[in-house]
Amino acid sequence: MAVARRGVHRARWLKLQVFRYAVLGLAALFFLVPIYAMLEFSTRSNSGGRTLEFWQSIFTYPDLINWNFGPAPDAAINASLELALITSVVMLVLLVPTMVWVRLKLPRLSRFIEFVCLLPLTIPAIVLVVGLFPIYIWMGTNFSDSILTLSLAYVVLVLPYCYRALDAGLGAIDVKTLTEAARSLGASWASVMWRVIVPNISNAILNALLLSVALVLGEYTIANNLLYNNMQVELVHLARANAGVSIAVAVASLFFAFILLIAISFVGNRPRRALPEAVTTFGKGPVQGSAG
Amino acid sequence: MTKVGRPILGGRRFSLDWIGVVPFLGYAALFLVLPSAIVALGAFFDANNSLTFDNLAHLSRSYIVKSTIDTTIVSGITALLGAALGAILSYAIVTGSPTGLLRRIVISASGVLAQFGGVTLAFAFIASIGPAGLVYLFAQSHGFDYYAHGIWLFEPIQGLSLVYLYFQIPLMVLVFLPALDGIKPQWREATESLGGNTWHYWRHVAGPLLFPAFLGGLLLLFANAFSAYATANALINQGQPMLAQQIAGALSSEVGAYEPGFAKAIAVEMIVIVTLVTILYTQLQRRTSRWL
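Residue numbers (the working numbering), protein chains in the order written: chain A, 23 to 314; chain B, 3 to 294.
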C-alpha cells in the first residue's frame, strides 16, 4: 500500500517536473528571442557578417545625442536624461516630506493621499495627454515651451510607483518615535527630515529614484502627443531612415533600464534592512502595467 | 485615564497642520485633477465654449465604432490568452522552491517586462519576426514562409495581439502568483484523504478558490491592453486602428481635422470602459482575499 502510494507520488512528481520545464523553456524562448533579435539586427552588416557600425554611428546623429547638457537640450537622449533627473528630484521633494507629514500629523488623510497617488494608474496616459494639451499650450505661450516642462507631467506619471516604494520604506521604520526623539533633542523640522528620516529610508528613496528614471526614459505617449522629441519619439522617427541605429539605441536603453531594475532588487535585498516589498514594487497592490 | 492636552470642552483645536500637504495637493490639482476635469467637461463643449452633445454623437462615426470593436477584440484576445498562459507560467513557478533563484528571476523579470512596452517592444518584434527579422529569415530558409499571405505583423488584430502578449503574460504572473501562493498543500492532502483525485481537487477545491483571482487578472489585462498606445503607434502608423490612436489623431492636425472636443469624447469613452472593468476587478480582488 505504502509502496504503491509512493509510486503514485513519484509519477506525479515526474509529470510535474516535465510540465514545469516545458513551460519555463517555452516562456524563456518567447521572452528572450525578441531581445536577442534586436542585438542581432543592430549588429548586422550588408555583407552578411557582424559589424558595430550602427552602434558607432549613434554619435553621428546630433538630433539624437550631442554634448549640450545645458538648460535647453537640443538632442533627444540629452533631453530624456535631463527629464529623468528633473522628474526624480521634483518627485522626491514633493512626495517625501508630504508622506512623512501625513504620517505624523494628518493620519486621517493618509488614505486620501494614497488614492491621489494611485489615481494615475486608472487614467491611461493617452487620456491624460488630452487634458494636458490645453495646459501645455497655455504654458507654452505664457511661461515656457521647453521640452523640460514635460517633467511636470512625468511627475504625475511616476507618482504611483514612487508612492508604493516610499510607503514600503516608511512603513518599515517608526517615523513617529524617530521624529519625536529628534525633536525633543532640539532638531528642527528640516534637520529631522534630512538627518533622520532620509538616511533611514535611503533604500526606498533609491528604489523610487530608479523606478522614475526607468519610466521617464521609456516614455513615448505624452511626449509624442505634446509634440516634443524625447528619446523614444526620436527613435521612431529615426527608425524610418535608419532602423539599425534606432534598434541599437533601443537595445542600449533597454539594457540600461534592466540594470536599473536589477539594481532595485539588490537594493531591496540588502541584509541590513529588510524591505520585503521593495523587489516587487511593480507587483504590489492593485497592479497595473503601464506598458504599451 | 483622561486624555491629556486636549481642550476640556471637546472643541477641535484650530490647527495649521494641513498647510503641510498644500504643495502636494496643489501639484496634483494642477497636473492630475485639472487635466482630468478638462477631459470630462471638455467632451460636452464645442470650439466656441457652448454646451453641445455633438462630440459624443460623433462617437458613432464608422471609423470610431470600428476602432472600438478592434481594440476590444485585441484586448479581449490578449487578456484571455495572457491570463491563461500567465496562470500556467505562475503554476510552473509556484510548484518550485519558494525561495529559489528561478522564482526570484521570474518575478523580477516579470516586473520589468510588464512595464516593457512602447517603442522598444515594437522594435523587438520587428527585429525578430518582422519581414527582415531573425526568426522570419530562419523560418523562410527552412521552407516555412509565414508571411506567404501578407505581413500580418502589421495588421492590427493578429500583429498587436501577439506583441501585447509580451507584457500581458508577465502582468498576469505578477497578479496571479500571490493567489496561487495562498493555496495550501494540505487542501490537496485533505481532498485525497477524502477519496478525491486530481480532477476532483481542481474542480471542487483549487478551481473555485482561484477563479475570482483569475477573472480579476483577466479584467486587469483587458484594461491594460485597452489603454495601450505606444506599442500600437510604433508598430502600425497607418490607419490608426486602435482607439488610443484615434484620440491622438483627433488631437493633432496631422491627420484629418483638429478636433479637441472630439478627442475628449473618445477619451471619455475609453475612461468609461476602463473604469467599468476596473471596478469589476476590485470587486473580484475583494472576493479573492476573503479566502486566500
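Hints listed in this document are in silico derivations from the structure and should not be mistaken for laboratory results. One or more hints might be untrue.
[To be verified] Computed beta-carbon distance windows for the label pairs: (1) A:I195 to B:L32: 25 to 33 Å; (2) A:L207 to B:A86: 56 to 64 Å; (3) B:T200 to A:G71: 31 to 39 Å; (4) B:P210 to A:F134: 51 to 59 Å; (5) A:D96 to B:P210: 21 to 29 Å; (6) A:F134 to B:R289: 21 to 29 Å; (7) A:A285 to B:A86: 55 to 63 Å; (8) A:F91 to B:L32: 45 to 53 Å; (9) A:P93 to B:A39: 26 to 34 Å; (10) A:H259 to B:G145: 19 to 27 Å; (11) A:D96 to B:Q142: 39 to 47 Å; (12) B:P210 to A:F41: 20 to 28 Å.
All C-beta atoms in this analysis are idealised placements derived from N, C-alpha and C, irrespective of residue type, glycine included.
These are the hints, each one checked on the structure:
1. Against the hinted window of 25 to 33 Å, the Cβ-Cβ separation of I195 of chain A and L32 of chain B comes to about 31 Å, which satisfies the hint.
2. The supplied range of 56 to 64 Å is met by L207 of chain A and A86 of chain B, whose beta-carbon atoms lie about 59 Å from each other.
3. In this structure the hint that T200 of chain B and G71 of chain A lie 31 to 39 Å apart at CB is violated, the actual value being about 53 Å.
4. P210 of chain B and F134 of chain A have their C-beta atoms about 36 Å apart, which leaves the hinted 51 to 59 Å range violated.
5. Range check, D96 of chain A to P210 of chain B: Cβ separation about 60 Å, and the 21 to 29 Å hint is violated.
6. About 25 Å separates the C-beta atoms of F134 of chain A and R289 of chain B, a value consistent with the hinted range of 21 to 29 Å.
7. Between A285 of chain A and A86 of chain B the Cβ separation comes to about 33 Å, which falls outside the hinted range of 55 to 63 Å.
8. Checked against the hint of 45 to 53 Å, the pair F91 of chain A and L32 of chain B fails, with Cβ atoms roughly 28 Å apart.
9. Our hint of 26 to 34 Å for P93 of chain A and A39 of chain B holds, since their Cβ atoms are close to 31 Å apart.
10. For H259 of chain A and G145 of chain B, the hinted distance range of 19 to 27 Å is not satisfied, since their beta carbons lie about 37 Å from each other.
11. Remark: the range hint 39 to 47 Å for D96 of chain A to Q142 of chain B is upheld by a beta-carbon distance near 42 Å.
12. One distance hint, 20 to 28 Å for the beta-carbon pair P210 of chain B and F41 of chain A, holds here, with the actual separation near 22 Å.
Checked against the numbered hints above, the structure breaks hints 3, 4, 5, 7, 8 and 10 and satisfies the rest.
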